[in-house]
Amino acid sequence: MSTQNASASAIPSARPNGAGAAAILAAGIGAFLVAVFAILADRSAAIKSLMIFWKPTGPLSGVTTCAIVLWIVSWAILHARWRNRSVALARVNAAAFALLILGLLLTFPRIADLF
Amino acid sequence: MEITARSLWTLIHGMGFGALYLMACSGALVELYRRYCTHNPAPPTERDARFLRIYLVAMAALAWLAVLTGAYIVYPWYRAVPPPGTANLAAFPQRLLMASPTTSGWHSLGMEWKEHAAWIAPISITMAASVVLQYGRNLKDHPQLRAAVLGFVWISLLAAGVAGFFGAMISKNAPVEGGPVIHIVQGEQK
Chain A
27 MSTQNASASA IPSARPNGAG AAAILAAGIG AFLVAVFAIL ADRSAAIKSL MIFWKPTGPL
87 SGVTTCAIVL WIVSWAILHA RWRNRSVALA RVNAAAFALL ILGLLLTFPR IADLF
Chain B
36 MEITARSLWT LIHGMGFGAL YLMACSGALV ELYRRYCTHN PAPPTERDAR FLRIYLVAMA
96 ALAWLAVLTG AYIVYPWYRA VPPPGTANLA AFPQRLLMAS PTTSGWHSLG MEWKEHAAWI
156 APISITMAAS VVLQYGRNLK DHPQLRAAVL GFVWISLLAA GVAGFFGAMI SKNAPVEGGP
216 VIHIVQGEQK
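Protein sequences appear in the order of chains A and B. When you line the first sequence up against this note's numbering, it's residues 27 to 141, in that order. When you line the second sequence up against this note's numbering, it's residues 36 to 225, in that order.
For the record, the hints were derived by calculation from the structure and aren't laboratory data. Think of the CB as a built atom: it goes at the ideal place given N, C-alpha and C, for glycine as much as any other residue. Errors might be hidden in some of the hints.
Stated by the list, open to error - Away from chain A, derived, C-beta distances all over 12 Å, residues of chain B:
1) 137
2) 178
3) 216
What the hints assert, rightly or not - Computed footprint of chain A on chain B, listed as stretches where at least three residues anywhere in the stretch have a Cβ under 8 Å from a Cβ of chain A:
4) 64 to 71
5) 90 to 99
6) 104 to 113
7) 153 to 166
8) 190 to 198
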């Protein structure tokens, strides 16, 4: 018992969940954006052409680069806003998981072709 | 015994980074559950927390290496366009798959899904590593953060599984071959 108390007291006091929430929501946004950019590049010849950042890889280079840049930007913005406070994590988790699962589903060609 | 440079890169991408990441996912799920989610009232030790931090950062590195080598080294060889009139499509895997209705689905469904879904794995595991790095042993006090980390690791396993399955099947039907030949071992002469 005393060992457990000693271990527990060694843990720094609980920090707000905002920084974690920012990372979670941003990851959902990033996953969703991969699918959105892939669909846009597939639907529009102009966007497809714009997405060719490196010719050997084709539009995949722009699709993934844009999604990753926006993921990191959204993460930085959310982190700056939430890092020192606690947020309603249940709602953040629900939104992040919805975006993540939508992202995975929308990358499936048969579903992406519906748009 | 020899291997082409393109085959070697495909192996590094798929077996070196991809398969290792898939195996590491199951370990991460077990560790996250065992150290933080069981009804054990004792918090994880600092040593346990440090191990998990290093493990997840290594996983994130593996996931990024897998998608980057796939997209920027192997994929250009896969999608190379043959010169007009080329009869032998062996060096052009995408065109070889699309040339037959029995194999075209491996590209139109398999590669089209894999090339995008795979990126969900590094995004998810980077988030998981970041949360564990930031919160460490404090994660024990944040059940909703733990749930999100576990959920994202599960989805990253699924995304990497999709990429791994289709990568293996595409390699089986239309392997990426070519480039300089690397001699590994001299075989015995009969």
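Hints numbered earlier in the text: which of these fail when held up against the supplied structure? 2, 4 and 5
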